[in-house]
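Number of protein chains: 4
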Amino acid sequence: MQPIMTAAEINRFLETDFPQIHTDGRVFTVTAVEPGAVTMTFDPSERHLRPGGTVSGPAMFALADVCAYAAVLAHIGPVALAVTTSLNINFLRLPKPQPIICRCRILKLGKRLAVIDALLSQDGGPEPIAQATATYSIPPRG
Amino acid sequence: MQPIMTAAEINRFLETDFPQIHTDGRVFTVTAVEPGAVTMTFDPSERHLRPGGTVSGPAMFALADVCAYAAVLAHIGPVALAVTTSLNINFLRLPKPQPIICRCRILKLGKRLAVIDALLSQDGGPEPIAQATATYSIPPRG
Amino acid sequence: MQPIMTAAEINRFLETDFPQIHTDGRVFTVTAVEPGAVTMTFDPSERHLRPGGTVSGPAMFALADVCAYAAVLAHIGPVALAVTTSLNINFLRLPKPQPIICRCRILKLGKRLAVIDALLSQDGGPEPIAQATATYSIPPRG
Amino acid sequence: MQPIMTAAEINRFLETDFPQIHTDGRVFTVTAVEPGAVTMTFDPSERHLRPGGTVSGPAMFALADVCAYAAVLAHIGPVALAVTTSLNINFLRLPKPQPIICRCRILKLGKRLAVIDALLSQDGGPEPIAQATATYSIPPRG
Chain Z
936 MQPIMTAAEI NRFLETDFPQ IHTDGRVFTV TAVEPGAVTM TFDPSERHLR PGGTVSGPAM
996 FALADVCAYA AVLAHIGPVA LAVTTSLNIN FLRLPKPQPI ICRCRILKLG KRLAVIDALL
1056 SQDGGPEPIA QATATYSIPP RG
Chain A
936 MQPIMTAAEI NRFLETDFPQ IHTDGRVFTV TAVEPGAVTM TFDPSERHLR PGGTVSGPAM
996 FALADVCAYA AVLAHIGPVA LAVTTSLNIN FLRLPKPQPI ICRCRILKLG KRLAVIDALL
1056 SQDGGPEPIA QATATYSIPP RG
Chain R
936 MQPIMTAAEI NRFLETDFPQ IHTDGRVFTV TAVEPGAVTM TFDPSERHLR PGGTVSGPAM
996 FALADVCAYA AVLAHIGPVA LAVTTSLNIN FLRLPKPQPI ICRCRILKLG KRLAVIDALL
1056 SQDGGPEPIA QATATYSIPP RG
Chain Y
936 MQPIMTAAEI NRFLETDFPQ IHTDGRVFTV TAVEPGAVTM TFDPSERHLR PGGTVSGPAM
996 FALADVCAYA AVLAHIGPVA LAVTTSLNIN FLRLPKPQPI ICRCRILKLG KRLAVIDALL
1056 SQDGGPEPIA QATATYSIPP RG
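Which chain is which? The protein sequence lines are Z, A, R and Y, in order.
Residues in the first sequence are numbered consecutively from 936, following our numbering.
Residues in the second sequence are numbered consecutively from 936, following our numbering.
Residues in the third sequence are numbered consecutively from 936, following our numbering.
Residues in the fourth sequence are numbered consecutively from 936, following our numbering.
No lab work stands behind these hints: they were computed from the structure.
Certain hints may be false.
Ranges between beta-carbon positions, derived for each pair [what the hints assert, rightly or not]:
(1) A:Q1033 - Y:T951: 57 to 65 Å
(2) Z:R1047 - Y:E981: 26 to 34 Å
(3) R:T976 - Y:R961: 29 to 37 Å
(4) Z:Q937 - A:P986: 24 to 32 Å
(5) Z:R1047 - Y:P1074: 41 to 49 Å
(6) Y:P1061 - Z:A943: 25 to 33 Å
In this text, all values refer to a predicted model and were calculated from it rather than measured experimentally.
Here a beta-carbon is modelled for each residue, glycine too, at the ideal position from N, C-alpha and C.
Starting from the given sequences, assemble the full structure and let the hints guide the process.
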């Protein structure tokens, strides 16, 4: 499974075509693209934090979702428009109010469905703070 | 399973203790509390919309999460602090850029775990736009 | 959403085309078909029981899966061959070693994907013993 | 996270305390135990096969469930009795009627909840046939 877009190309595409995910400044940045995998950093702003100094659940959901989308994009290109059909997320540990790294691995890239595993961690620590599995519907390609 | 808080009490509690979910104005409002169930309305603001005129996935995730939390709260009171441990969401139909109604039914309210079913719909239409199942960890009660 | 097969027709189809689910005698029986919903009874045999007198997890998984499949079948007919793509199950209460009733409601019946909610209960008791959400891939129809 | 049971000890425990999973002969065998992970082989018998020469969904569910249970057991010992509270499984590719290898990694081993990732493959092939995430409730330890 070979990627056909670079990290820079995906970041540019997200900025142009999904400006809404950057309403509060650029918080999501693809940092690496490998065969079958994409890594993204999320730099939480005030609005993503919660009292007690943690990152909100919806912010972690958004990170897993955008990163999984970027992983599909990286391998099928910006033409097709994949749509999230389901996402299952497990919150494992309370994150600190710091950047979160998400690594997405493509488990399946079929003609109609893609299934992606997302693992969220911080500080390069070995213990994940959340794990998600996302399914995307891929539109028919001409 | 009898609720011990009213809709007004839950709304007040969310406003006081979770101001961050109302950063963009009050978008989440509990409208009904029944035995084992809570109904919430989500009135999306600009930031929750997406090009093409739909509501974002993270916004629907947040709605299911807050409403499920409110359902637990309604039945165990504001003392305990339940934490989302997992959430599985299925996106069924593209929502219109309009208010979304979420109805949460408690499937189980145990000593340690609560499991809640959430059904999101619009316009009183019979066809749901999303379905979620959420699990909350309930801290030991004194 | 109108069903196009009766309970008797679905039972006959399962017997003819899926004899393997009846290896230990007929344990799964569709008892009702309604618009958008199917009800099935599972009568556990020795092999489905567990020490302590409960029903095994895989048996409950199989019940939710077969019943959801029957719900799709009831509405698109026996021609198409739907395949389970994902199933999320929550075990809520330990079942007694007695028949289990599963009610499946179709949340979405699209051209390519069907999403079904399954609720398992016993004794007509109001409290579910398990809840599942299943996704089926529907092959292109001619 | 250090295991406190060997593969042989877990196999013996499963045989003694869960004879029902071996009704058709010994089909589940732990082959490796590492810090935070357990690998299990499943050798399907006639009853686990389906027409067209594939392995049934419930059989793959059972494999993921037993292997995840073995992973918890390996790290907390045979005293505590963990119970599956939820399992989310994605079926990625049709398996061949051959042995399936399941590798379970513990994502979290808390005092009350364990979350385990399970990846099923065949032939040492790089492409998984199924992925599951399971949650276990761990009883209070004295």
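Evaluated hints:
1. A:Q1033 - Y:T951: 57 to 65 Å: holds (59 Å)
2. Z:R1047 - Y:E981: 26 to 34 Å: holds (32 Å)
3. R:T976 - Y:R961: 29 to 37 Å: Given about 32 Å between the Cβ atoms, the range holds.
4. Z:Q937 - A:P986: 24 to 32 Å: holds (30 Å)
5. Z:R1047 - Y:P1074: 41 to 49 Å: Since Z:R1047 and Y:P1074 have Cβ atoms about 42 Å apart, the given range 41 to 49 Å holds.
6. Y:P1061 - Z:A943: 25 to 33 Å: Holds, since Y:P1061 and Z:A943 (Cβ atoms, about 28 Å apart) stay within the stated range.
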